[in-house]
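2 protein chains.
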Amino acid sequence: MVKLSLIPIYEFQRVRAAPIHKYTKLGLLADMCRANTLVSVKRAGSGHLGSSFSSLDIVTLLYYSEMNTAQLGIGQPDRDIYFSSKGHDVPGLYAVLFALGILPKDKFIKLRRRDGTFGHPDIRTPGIEANSGSLGMGISKAKGIAAAKALLGRGGRVFVMTGDGELQEGQIYEALQTAAHQKVNNLNVIVDHNKVQSDKPVAEITDLADLASKCRAFGWHVARCDGHDFRQLERVFAEFSEVADRPKMLIADTLKGRGVSFMEHPAALAACGGLYRWHAGAPDDQSFEAAFAEITERVNHELAECRLPPLQVEELAPEPRPASGGAREWVADAFGQALVEAAAEREDIVVLDGDLASDCRIRSFELKYPQRFIENGIAEQDMVSMAGGLALQGLLPVVNTFASFLAAKANEQIYNNACEQTKIIYVCHYAGLIPAGPGSSHQSIRDISLFGALPDCIMLQPCNATETRMALRYCIDAPKGIYMLRLVIGPSPRTIALPSGYRLTPGRGAALTDGSDAALFAYGPVMLNEALLAAELLKAEGLGLRVVNMPWLNRFDPSWLGEVLGSCRRIYVVDDHSPVGALGDAMLNALVTCGLLSTRRFKKFGVEGYPACGTPQEALQYHGLDGTSLAGMIRVDGESM
Amino acid sequence: MVKLSLIPIYEFQRVRAAPIHKYTKLGLLADMCRANTLVSVKRAGSGHLGSSFSSLDIVTLLYYSEMNTAQLGIGQPDRDIYFSSKGHDVPGLYAVLFALGILPKDKFIKLRRRDGTFGHPDIRTPGIEANSGSLGMGISKAKGIAAAKALLGRGGRVFVMTGDGELQEGQIYEALQTAAHQKVNNLNVIVDHNKVQSDKPVAEITDLADLASKCRAFGWHVARCDGHDFRQLERVFAEFSEVADRPKMLIADTLKGRGVSFMEHPAALAACGGLYRWHAGAPDDQSFEAAFAEITERVNHELAECRLPPLQVEELAPEPRPASGGAREWVADAFGQALVEAAAEREDIVVLDGDLASDCRIRSFELKYPQRFIENGIAEQDMVSMAGGLALQGLLPVVNTFASFLAAKANEQIYNNACEQTKIIYVCHYAGLIPAGPGSSHQSIRDISLFGALPDCIMLQPCNATETRMALRYCIDAPKGIYMLRLVIGPSPRTIALPSGYRLTPGRGAALTDGSDAALFAYGPVMLNEALLAAELLKAEGLGLRVVNMPWLNRFDPSWLGEVLGSCRRIYVVDDHSPVGALGDAMLNALVTCGLLSTRRFKKFGVEGYPACGTPQEALQYHGLDGTSLAGMIRVDGESM
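Note that the protein sequences, when read in sequence, are chains A and B.
With my numbering as the guide, the letters of the first sequence map in order to residues 1250 to 1890.
With my numbering as the guide, the letters of the second sequence map in order to residues 1250 to 1890.
Please note: incorrect hints may appear among the correct ones.
One copy or any two copies: either way a pair holds, since identical chains are not told apart in the list.
[As the list claims (entries may be wrong)] Straight-line distance between alpha carbons at most 25 angstroms, and here's what the computed DSS-like set of lysine-lysine pairs gives: (1) Lys1617 <-> Lys1252; (2) Lys1359 <-> Lys1729; (3) Lys1852 <-> Lys1356; (4) Lys1271 <-> Lys1788; (5) Lys1252 <-> Lys1356; (6) Lys1444 <-> Lys1432; (7) Lys1432 <-> Lys1788; (8) Lys1356 <-> Lys1432; (9) Lys1852 <-> Lys1354; (10) Lys1788 <-> Lys1354; (11) Lys1617 <-> Lys1271; (12) Lys1788 <-> Lys1617; (13) Lys1449 <-> Lys1788; (14) Lys1617 <-> Lys1852; (15) Lys1852 <-> Lys1449; (16) Lys1432 <-> Lys1617; (17) Lys1444 <-> Lys1252; (18) Lys1359 <-> Lys1788; (19) Lys1449 <-> Lys1432; (20) Lys1432 <-> Lys1359; (21) Lys1359 <-> Lys1271; (22) Lys1729 <-> Lys1432; (23) Lys1252 <-> Lys1271; (24) Lys1449 <-> Lys1271.
Calculated from the structure, these hints are not laboratory results.
The structure presented is a predicted model; accordingly, all values stated were derived computationally and were not measured.
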């Protein structure tokens, strides 16, 4: 395993104290933060490097020179406040907060871990001022912070950073409009204009046209400069403090991946056929070592120029990486392939994407059927209502994005479409608790409840590749209505084996294990894996747990339900979701309606509270949803009978 | 009761066929539609006159001269398509569709009735092309329709009308951005720029600044003209058909209430201290007669000028208005008063509004505490995230708008705030099925399920004025967390009497009637009224129904639950909401967890399917939720035991 070394805090203090030119110093500090960011992401095994690097010069300037925050202290009411609306640039911010002694080392080196820091900003982390990560909310929230400061007579400026792809979100324009009208003038927005969003250049996904005049038309004071030039940045912030009659926006032209030659977007896009590969995910060992060497050599060269000794780094104790999980299966891959196959027979299929084509595995569809693929950018509401219009004309839209963004951001639009009683398939990718690294903004534990009260809505979550193909086929062939397909985004911890000859039948699931003491209903590869682990543990103790795969989240065939329960006196449901409004509740209703509960015992398990950030095992254990915890709860519950 | 007369279809045919100048003819037809619109709204007892009138000249031109729709027929794939995104101008559109013979008279004269037309556009009405009424979605949907036409090689242009206040919704800007980028050029947006939104001038609520240059900056072709001048409108549409390289927007300057002197906004605003009183609601008899006379006299004068005989009108058989309901109590009034009182002691209270201050009864707070009142316009996502920022600074935001728009449109923002574990009170006004006139876009039957899976969320719906004051007090004094207060917007059908000495206690409700055969749990004045009616009916048959007011929608005190159930063997819950994810489900879980269900019978009733439009009685009966239906179901259920 590659060796990881951190630039310790005293090195930042040394450079900060050194008698060298301010901008040279800021450049050194920013690069030192880049090195530490790289290390933390490599150590975590995931994280966003590209936009951490594009924003780091600005963030370094803000905390080391522009803002009073570090001096006054985070709790102080009159402090300047900075936060990032896009949020995935937070590893870079952590590096700055670590360098300033605000974020302790033991947390900083544990990015995306239960006892470390979150994959997206969360105020439970020292120095973080607001939760973000779900795009488009930051300017509105900063507006609230600035308005409160005015109301409470508190000092301090408010700075918020947005991405440029993020400017595709409508809420941004609501905020531009209201902030100007409400004269929330103590508001400084910095657009990290690095030109590249999740997969591709912004200009390809949804061009922002003339951004500066757009924002001026909204009544804002707008400046534009090189986001890597400290002199220019300082001049703009000085200019902003002179403008008292309106909110201010800086469009900072930056390079995505700034500071590592092969990660800077012009080179990176060319190297990867127009796709940018450093947006998320950790670099392989070779790329890591090349990047770390490039940054630290540049720093040492600069230090030498300033007649300062070279960097001392601190080797980190190797962190045992948790096993990445066995199966090679990804249900999302099966979905993507099945979608391409279905499109061959069904010319009415149109696929919509919200700038997550790679993650949602619909790139192959995009390449094969460009005319029937609509890249709608980070504009979920618009995407869903557009799907409604396509459906009104008789086409069959298949809408793709992450579950949190689709079910929650476009919920009203989904309802509006539903009221037209056309047919639309909504694919909720990245559903459930796992992966838990990105944090609560991305972990979708409410989507089933958000679709649940829609009339004519059928929800399905398949457990393996085969069932995924069956589920998509079912949705395509089914009559008019709203179909919600819920998919795990990561690799399956194991390939769930279905009974031979298994057929996907409305309202019916399948028992995966024998056992006549208790039945445990679950769905999807993640929770079924834990359910099967629990069954194995309990079997050794002589308790027969019948694990049932139940892909239908709100449909039940009463006769099947009776059969599958058989002689089981105890019924358990584990939801990869909040325990409210998911399979557990639907099941309980079905049991009571069918008279199957009577004297049986019923308990549901689910993601209680806010979803924990960490490795899969950390998150599952925290919520008591890993196999061992499930077995324990079932054991105890039996004893209490 | 005032006499109502309709201008019959043959009169429209006569004028259409008359050898007079085109623009004179269009003016006559538009005014004749105004007269019929006025009649339909008066007959319905509610409806939107102001924006029907401001848009009618444009809609008349489109259907009578610009579009091929009437000639080709509504079902024809190559037809031009028009719909209104704001939707509340639909009474005017109905009048045009009636005049053209597309909408039958028996439906047209039954605005907002079960067997008539919907309060907001619904495709189940002949001639209506899309559902709307929840603002901001129309351009996106029209984009989908236009994209489908291109994909399917269908002819016909796509026209969509928006309001100007509607341009405060962020989705509008998502659509402007994507439509330009995706080159959906067969898209013609008409902004009915009548300068006034629900309560006040747009410029006061959230100014749109330089609208034309704003939209040009988004890459659109923009034209502006007088929306009441047919010659100018024709010229613009001709110009639009020449522009093939981008989507087009017409900013049509109009007068809200155009055509009735005292309803036109300059006069109306002056007459009412800056508030516009003709946005929604039917005119009183005197105003109706004055308005009808003014329009028809103008039409007759014009006909005389053209040497044509005067209008013949058809008197409508008087429509017995359903009783408007007994009690003078409005729980929303009690909320507004209690909020003002609470603000005197609690300086941290800040009230946010989404352009519904009058309906939400927070105008008195606005007047008394202007510094702590934030009018955020029709921008719910921005409002909710701004509340999050205010809460991060330690203030207590009370967020107000209609339940549908708050719970569904800003759902992701509510979750993001919740993850910060601050304290915010969300007030869901216009919750539930009633009033049913506005239609499914406004009837909120999913809000409880949309809040349900939020950790730390407590939901309450009070049944009368007293309990409303207690509920607000509870939310204000309670610890950190998310509080959702659900309020009926209309008058209470009766004032629900609570037991003397009643105290609002977490998890506890109160029995309102004796009865030991069955217990029926309900909440809010509307459903409790029906529950009490059911109890009265069943009592006469010797069945004792214990009606229980349960204001806590997701909290239960087990010991109280046991007490209140007593010897009742049958448990019923009636939700003013979809039966999925509301009190019924929470109650069932509580009963099972507390071991109180065992051999008891449980059934839940709620709003199944899509909410019906009509009078309160029509909607309640349609969904089987009126007292008689409830009694019937409970009776039958007992017999089947």
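Going through the hints against the structure:
1. Taking CA atoms no more than 25 angstroms apart as the test, Lys1617 paired with Lys1252 passes in neither setting, with 42 angstroms inside one copy and 65 angstroms between copies.
2. In this assembly of identical chains, the alpha carbons of Lys1359 and Lys1729 never lie at most 25 angstroms apart, being 48 angstroms within a copy and 29 angstroms across copies at closest.
3. Taking the shortest alpha-carbon separations for Lys1852 and Lys1356, neither the intra-copy value of 36 angstroms nor the inter-copy value of 51 angstroms comes in at or below 25 angstroms.
4. Proximity of Lys1271 and Lys1788 under a CA criterion of 25 angstroms is satisfied in neither setting, with 67 angstroms inside one chain copy and 86 angstroms between copies.
5. Taking identical chains as interchangeable, the C-alpha atoms of Lys1252 and Lys1356 lie at most 25 angstroms apart only when both belong to the same chain, with a minimum of 19 angstroms there against 77 angstroms between chains.
6. Proximity of Lys1444 to Lys1432 under the C-alpha cut-off of 25 angstroms is restricted to the inter-copy arrangement: shortest distance 21 angstroms between copies versus 30 angstroms within a copy.
7. In this assembly of identical chains, the alpha carbons of Lys1432 and Lys1788 never lie at most 25 angstroms apart, being 66 angstroms within a copy and 61 angstroms across copies at closest.
8. Taking identical chains as interchangeable, the C-alpha atoms of Lys1356 and Lys1432 are never at most 25 angstroms apart, the minima being 39 angstroms within one chain and 48 angstroms between chains.
9. In this assembly of identical chains, the alpha carbons of Lys1852 and Lys1354 never lie at most 25 angstroms apart, being 42 angstroms within a copy and 56 angstroms across copies at closest.
10. For the homomeric pair Lys1788 and Lys1354, neither the shortest alpha-carbon distance inside one copy (44 angstroms) nor that between copies (71 angstroms) is at most 25 angstroms.
11. For the homomeric pair Lys1617 and Lys1271, neither the shortest alpha-carbon distance inside one copy (53 angstroms) nor that between copies (51 angstroms) is at most 25 angstroms.
12. For a Cα distance limit of 25 angstroms, the shortest separation of Lys1788 from Lys1617 qualifies neither inside one copy, at 48 angstroms, nor across copies, at 68 angstroms.
13. For a Cα distance limit of 25 angstroms, the shortest separation of Lys1449 from Lys1788 qualifies neither inside one copy, at 50 angstroms, nor across copies, at 69 angstroms.
14. Taking the shortest alpha-carbon separations for Lys1617 and Lys1852, neither the intra-copy value of 47 angstroms nor the inter-copy value of 51 angstroms comes in at or below 25 angstroms.
15. For a Cα distance limit of 25 angstroms, the shortest separation of Lys1852 from Lys1449 qualifies neither inside one copy, at 46 angstroms, nor across copies, at 52 angstroms.
16. When the C-alpha separation of Lys1432 and Lys1617 is checked against a cutoff of 25 angstroms, the pair qualifies only between copies, where the shortest distance is 21 angstroms, while the shortest distance within a copy is 49 angstroms.
17. Taking CA atoms no more than 25 angstroms apart as the test, Lys1444 paired with Lys1252 passes in neither setting, with 33 angstroms inside one copy and 65 angstroms between copies.
18. For a Cα distance limit of 25 angstroms, the shortest separation of Lys1359 from Lys1788 qualifies neither inside one copy, at 36 angstroms, nor across copies, at 66 angstroms.
19. For the identical chains of this complex, Lys1449 and Lys1432 are inter-copy neighbours only, at 19 angstroms across copies versus 35 angstroms inside a copy, given an alpha-carbon limit of 25 angstroms.
20. For the homomeric pair Lys1432 and Lys1359, neither the shortest alpha-carbon distance inside one copy (41 angstroms) nor that between copies (46 angstroms) is at most 25 angstroms.
21. Taking CA atoms no more than 25 angstroms apart as the test, Lys1359 paired with Lys1271 passes in neither setting, with 31 angstroms inside one copy and 75 angstroms between copies.
22. Taking CA atoms no more than 25 angstroms apart as the test, Lys1729 paired with Lys1432 passes in neither setting, with 48 angstroms inside one copy and 29 angstroms between copies.
23. Neither within a single protomer nor between protomers do Lys1252 and Lys1271 lie at most 25 angstroms apart by alpha-carbon distance, with minima of 32 angstroms and 83 angstroms respectively.
24. Neither within a single protomer nor between protomers do Lys1449 and Lys1271 lie at most 25 angstroms apart by alpha-carbon distance, with minima of 35 angstroms and 52 angstroms respectively.
In summary, the numbered hints that this structure violates are 1, 2, 3, 4, 7, 8, 9, 10, 11, 12, 13, 14, 15, 17, 18, 20, 21, 22, 23 and 24.
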